[in-house]
Amino acid sequence: MKERGNNVKEKKPEEMTLEEKLDEIERLTKLAEDKAEIANLFAAYQYSHSVILEDETPDRLYAQHQPDVRHDWGGGVLEGLDELCRYYVNRPRYRGKLICHAIGNPVIEVAEDGQTAKGFWIAIGHETIPYPKAPTLEGDGDPFGPRTEPPDKRGIRKIIHWVWNKYGVDFIREDGQWRIWHLRTCELMRAPYHQDWVDFSLRNLIDNDMCGLHTPWQGVASTPLNAMPTRPSDDPRGGYRIDEPPLELPRLPEPYRTFSETFAY
Amino acid sequence: MTQMEQADQMLRDARRTADRWELESLFGRFQYYRSLVQGGRMMELFSAEKADVRIDLGNGVIEGQEDLRAFLTSQKPHRGEMHGRTLLNPLVEVAEDRATAKGLFVAAGHDTFVSYEKPDFKEYPFAAYMHKDPEYPLYKMTHWVWYKFGVDFIRENGEWKLWHVRRVEIMRCPYDEDWIDFSITRQKYEILNKFRTPWQGLTRETCGPLNFVPTRPSPEPWEGYTITRPVPDNPRMPEPYATFAETFEY
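So the protein sequences, as listed, match chains X and C.
Every position in the first sequence, counted from 1, becomes a number in my numbering once 1 is added.
Every position in the second sequence, counted from 1, becomes a number in my numbering once 7 is added.
For the record, the hints were derived by calculation from the structure and aren't laboratory data.
You may find that some hints are simply not true.
Taking lysine-lysine and the DSS-like style, the derived pairs with C-alpha atoms no more than 25 Å apart in a straight line are [what the hints assert, rightly or not]:
(1) X:K10 <-> C:K57
(2) X:K12 <-> C:K57
(3) C:K168 <-> X:K10
(4) X:K13 <-> C:K168
(5) X:K13 <-> C:K125
Computed spacing ranges between beta-carbons, pair by pair [to be verified]:
(6) C:E73 <-> X:I157: 57 to 63 Å
(7) C:L95 <-> X:A45: 46 to 52 Å
(8) C:E163 <-> X:R258: 19 to 25 Å
Ideal Cβ placement from N, Cα and C applies to all residues, glycine included.
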């Protein structure tokens, strides 16, 4: 068997002393607690996003003492706690805004040294934003603004999208508490509720990324959302494309002993 | 109970709790590799020692090391192909002896295929569902699909592996069609009828790269939602058990 990380070879109980058994019980109990805390932490991140409690997100959920704490969403990277605050604090709370990303498919690996951990999830979800008037990127500060449908019979313009995302996350223990260190979001699929995602991806390509989702820092000097990234993504992605096979982004975590042995999201 | 007996009991409990997390991650890996169409890596997650490793697809069982490897590695990813598979609702029971475990999961998902040429069954297993786009010069399929999975896990050389996987389709439909309608119209697809009884009159050669010739029929055949039958209790939920001889197999 692999002998990396917490996949250590088990000894049979009859071959163990009482002290060895107690050590093993302590190690496994700690490991189970760590995984439960990490699962709760990332669920809290998603729920905060859903109920737009993001003002609190940098302080409550992200690492406080890591200069390279970051969120890479494929369209850019926000790096450093100040940059994350700039993004998360004062996020627009439109009336009628509805975000739901429900995570499943967890793959969690805690380093053998217990100082870091890696996680992978896939979220099923949807995003809704109604605009009473025609939105603009600068005026409304939401990168999806120009992607609305034409006004409906009530004059409301809407974003009503299915959204599936994949997440790769590095966690770090700070002052005895697990924190998000590196967060990588990869959009898997996005489409209006009534449109197929092949059609939607083609429309976006033809419209030359009209909403700037893929390169939101181009041509936008400043927005109320403050969504300008610190730097471009190392591997820029904008979601599903018909000209690519399924891509392994993000990679799955593998068992490891200490963070220098593994990759960073 | 002596101090040593108490420690043995606590050690067994701690190990079973750790197993529970590991099994959920293992099946999460399987689903991600499936979504990436990485059959070789899916095969690595199966037991290398058990002769009866298998996947039961509801319309046939692929069983045995050779058949399973041939089936999984025959599928190659296409441009524009996408499979969303998000495992939810985990119900996991580790045997008291920790030699095996059972899991039941629900996966919410979607399937997408795109081809610039008229697709054929040998290249695209879902060719029958791929329609010409009214606007763009391509053929495509964009389906919602939900599955249930019943899984037997086995510990091999100290590592958890997949042993038996049973997949039962809950629902499938195009993005803009209701699944009652689709359950009726899907019966009209001629090629799908081959899918429904794939072991009749087909060989590896006629099936092409998909190699979908099952080793044997499914013990409880099920081809997805239908208005003509009640929803089956399949796969069954695992119950707590001491050793595998006491329980059922998926």
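These are the hints, each one checked on the structure:
1. X:K10 <-> C:K57: Between K10 (chain X) and K57 (chain C) the Cα gap is close to 21 Å, so the pair holds against 25 Å.
2. X:K12 <-> C:K57: 23 Å, holds
3. C:K168 <-> X:K10: 15 Å, holds
4. X:K13 <-> C:K168: 19 Å, holds
5. X:K13 <-> C:K125: 59 Å, violated
6. C:E73 <-> X:I157: 57 to 63 Å: For E73 (chain C) and I157 (chain X) the Cβ distance comes to about 59 Å; the hint holds.
7. C:L95 <-> X:A45: 46 to 52 Å: Because 18 Å falls outside the window, the suggested range is violated.
8. C:E163 <-> X:R258: 19 to 25 Å: With Cβ atoms ~23 Å apart, the hint holds.
Hint violations for this structure: numbers 5 and 7, all remaining hints satisfied.
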